[in-house]
Amino acid sequence: MTELSKSGAAVGEPTTASPAPTAFLEVRDLKVHFPTDDGLVKSVDGLSFQLEKGKTLGIVGESGSGKSVTSLGILGLHTAGQYGKRKPQISGEIWLNGTELLSADPDEVRKLRGREMAMIFQDPLSALHPYYTIGAQIVEAYRLHHDVSKKAARRRAVEMLDRVGIPQPDKRVDNYPHEFSGGMRQRAMIAMALVNNPELLIADEPTTALDVTVQAQILDLIRDLQKEFGSAVIIITHDLGVVAELADDILVMYAGRCVERGPAEKVFDEPRHPYTWGLLGSMPRLDREQQERLIPVKGSPPSLINVPSGCAFNPRCPYADVPKDNVTRTVRPELTEVGSRHWAACHMTLEQRERIWTEEIAPKL
Amino acid sequence: MTTQRTSGRRKQALAAAAVVAGLLTTAACGGGKDDGGENGAAGFNAANNKVAQASLVKKGGELKFASTQDADSWDTTRGYYGFMWNFSRYYSRQLLTYKAAPGAAGAELTPDLATDMGQVSDGGKTYTFHLRDGITWEDGKPITSKDIKYGIERVWAQDVLSGGPIYLKDVLDPKGTYKGPYKDTSKDHLGLKAIDTPDDKTIVFHLPKPNSDFLQFVALTSASPVRQDKDTKSQYGLHPFSSGPYKFQSYSPGKSLVLVRNPNWKASSDPVRKAYPDRISIKFFTNANDMDQRLLAGDYDLDLAQTGMSPQGRTTALKSHKANLDNPVSGYIRYAVFPQSVKPFDNIHCRKAVIYGADHVSLQTARGGPVAGGDIGTNMLPPSVPGAEGQSYDPYEIAGANKNGNVAKAKEELKACGKPNGFSTTIAVRNNKPVEVATAESLQASLKKVGINAQIDQYDGSQTAGIIGSPSNVKKKGYGIIIMGWGPDFPSVQGYGMPLWDSKYILQSGNNNYGLIKDKTIDGLFDQFVTTLDESKKKQIATEINHKVMEGGWYLPFTFEKFINWRSSRLANVYTSNSYNGMYDFVNLGLKSSK
Amino acid sequence: MLAYLIRRLFAAAVMLVVVILAVFCIFFVFPKWAGVDIASSFVGKQADPAAVEAVRAKLGLDDPVYSQVWEFFKGIFVGRTYVGGGDVTHCAAPCFGYSFRTEQAVWPVLTDRFPVTLGLALGAAVLWLVFGVAAGVLSALKRGSLWDRGAMVVALAGVSLPIYFTGLLSLAIFAYGLGWIDGQYVPIGDSFSGWLGGMLLPWITLAFLYAAMYARITRATMLEVLGEDYIRTARAKGLKEQVVIRKHAMRSTLTPILTMLGMDLGALIGGAILTETTFSLPGLGQKVLDAIKNQDLPFILGVTLITSLAVLIANLVVDILYAVIDPRVRLA
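Residue numbers (the working numbering), protein chains in the order written: chain A, 1 to 365; chain B, 1 to 595; chain C, 1 to 332.
Among the hints, a few may not be true.
Said to hold, decoys possible - Distance condition first, Cα-Cα at most 20 Å in a straight line; then the derived PhoX-like pairs of lysine-lysine:
id	chain 1	residue 1	chain 2	residue 2
1	B	Lys-448	B	Lys-409
2	C	Lys-240	A	Lys-87
3	B	Lys-592	B	Lys-50
4	C	Lys-142	A	Lys-87
5	C	Lys-32	B	Lys-476
Just so you know, these hints were derived from the structure itself, not from any lab.
Let the hints inform the model, and build the full structure from the sequences given.
In structure tokens, the structure reads:
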């Protein structure tokens, strides 16, 4: 597919460009561009990854790197409720369980939402409707996809609240969001997301709005539930620490693209991209007394309208001049395999990166 | 404070009003022309001082008045508005009343409850009237002389029943010894010594001093009978008890008033009233323009207030319904007056400088032009008052050589006044009368040419009595020029000019002698007038008073006012009368169809 | 809850007293300071000094303001007796006194005119809510479209054009020009269809102004609400867009509209002066305008009191409805 296609442009037409994948979730060359008065915002610009059931993918990056846009793209929420504003241009392929979502009927995608794929949002206070009880909101989600009585749905809601660890769930089910604490709200949000046993759960910064002790509880809960339900989970975060223990795979995004992807232990132990080093460097570590930021990521995220030419990271990269001929500023680096199932996009040679990592970065972490 | 700035919002409003006016004019053009035939309008000025379509009148139907103004009070003792006196003849009778006749004849008195014009004796100090047979109240009981006496006594109760004219009190009991029927300790509350009722059919008035206009006082609405057991005192105006051909059915102030036939009234007992319609209603509007549109559409027959149509309604009516209009002289004079307490208006030459300097045509235009505003006023006696000479008496050549203002003459007078370079003063004008404000602006502009700098002070028009009616306040504020208008209470120089020009009427509050005229000759002429019974001699004195007032230079008349009034094509037997300042005489209006 | 209500009612009572005091001052104390003699303006053309004095005594103009206010409040709760020049009148509670001008008892006039104003306000409110909110929602959903721009231009016109302009225009077109409706007020008791015919133009005129305001507010609020996280959550559940709008977005959009409605209705019930004047509707607004022109204090006070009460009650009702809509403000 070379032409940018809007969602729904190819309703019902089978995609012949590439064969259906075998992975549970496969994203191929996803691009999400927003036309604005100032120019085209390339929030996601060619992203590909795969995820199997029962596995967890952590997507990591600064704000504005395109992680949330990716997750909303998978759910098809960019095109739902686009009132009058200029529609985003979305291209690529998203295969979920053998169905290509971008070319599917939007109403079919809508029916998958909540049932096959569910989402947990960053701030549970604003993500829950303040005027409806927790129970009503869970019941609504359940009955949307299950033809059951209100009573049965309510029983299910209580059961779910119980499952996510809310005390006295039969009472709390009638509470309003503002009557819950932050952690409880996020638990309720999780209960709501999981009420239909979705096969894909996307958690967008699920712990950012919560305090540290609650963060750990919520992460534990997600992990336990994943084991129990066997779902595929995507955790989106700016904090590598969040996914350190949880994720099977890590995908690091920068300026709408993937800069490094691989199994979690590889990305943590042998990161092969200077941006990942920066993220590791700015990760809060409980085992260190002094918060030394050896390799802070200097500068601010790039404009998504005028993405720096060459490597998008080059203005902030301390090693931009290591490769010869100014190549970092002229040629966009492609993902190359740097290990088993481990890719990174950097102009430096693997040896240079291995040397810098082991000699300059790792000892200071 | 003294200059009015037009704010942005006001400008917007004015622009909006102009657009609406344009639309209204076009919208109302579909009305079609009247042909002047039996079912059509009688023609322009057809009812002005003559009777229009008298033969077409049929008994029955509902006569519909519209008005933007309610009466000050429908209590016969308290009402003072001209239209109230006119309308009150439907439900109240007096010993004497005005003839139901057009023009000057309508200003003549004729017996009503009385059998004749009364017997005068004792050198004009005793008047005796006998009552007709068959005169009854709305409940069928006869109207007695005691009812008339009681009705007149109510004038003394000014503390409860304020607002009406007090001529009767002044002429019968000038010292104010009687305290009114409510404080009257006599058993029948008929303690007023000046009136005797030897029997139910006879009433005798004893005047301490003769007054040549006494019969006019007896014809006032405030001389109507009131029955003691029906007197609801201050509430009486909400439902007066009828002595006339119609009685109150319902009245809701500011909303509507409905009169229906009084079945106990006998036509044979009443030489004046014909009582054609079955029902008479007034609907009150708050939007003058809306009301005029309804009149044009034929929803209503005439305007109760009879003070002319709104500018928009007038334009449309003159264009496409001229045959429904009359252009009578209202009896009002619009003028400026110069309080002598404010310098330099103590000097007659400075007053004359203003009279000569003013552009009289432009003042007339500001009043609405010759048709809607009236003829240029040249003196201070309204044309409807006996003794008036109209424009033929024009001592300052206001309508002649000096009609556009005579700058040279004005400067001459200024020199004589000792102010060769002019002076500064303030024009006081009511803020609720846009036309008066326009005349003030016109005057201001023409005076500037002769070196008189006038600032305009628009004061709260509802507070007239307390602001310009207070000589001390006038002096304090330096109101050298006051813009006002005045009409006769009854067609006589006494009924018009006494409160304005007699030094006895200079009051500390509610004053109307704004010029503060203290002229022995004028006072003497009034004294002479009230004791002169001969009508032609009275006329002569009136003329003389007018001349003295004009010679004093206290007044700058603008216009002998004229109105454009609407009469629907349904109306028959329509005419204007001098008795009610050029209004249609309501009492014998009829409809062409009983439906 | 009870303490809250009592506190609130007490505050309302205090406010009413302050309002009444202010009205007394505006009409009776300030003119006196400015050297204007009010009594003389009540007497007719022939200002008999005795009559001026009598009026002064009757209106109690020389009494201190507090005693005038006290008498006024006493009248409302226990009635009062007027004595003036041998004329003794007892006025039973609720006594708002007698008009200085027409001598009418104020209370029956207020109760007579109140339904007219109430009918005007409620009828117009229904129209402007239906059309204003609908237009606002549509504009928000079709932001930037021709409909949206058109509706917002009309709304701007509606907000900026004065009532007497739109009122006269509607009369000129529909009543005088096309003659579709008569446009004159008829009491509902006389003829229901006549009443409808008379109220239609005032309703439309008044509703046009308010619908414009409501459309703008609705549009802005709706756009804001549509950007809320919980709307995204609702969509993520798989709800149909219609349901998202109807069930989730509308309810939040209604909150500010309800606040406005409470305020506007409260104020209008005190009299839609311009509308009533333009269409000669015999409501409270017309009466109060007349009363102000004539310095008819008892009527001014009566209408002021009704207006203040209406605003207070409307606010209380809004607060209660608020709690129904938004659980967060529910009283503990």
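Going down the list of hints, with the structure as the test:
no., hint, result
1, B:Lys-448 to B:Lys-409, "15 Å, holds"
2, C:Lys-240 to A:Lys-87, "19 Å, holds"
3, B:Lys-592 to B:Lys-50, "18 Å, holds"
4, C:Lys-142 to A:Lys-87, "13 Å, holds"
5, C:Lys-32 to B:Lys-476, "16 Å, holds"
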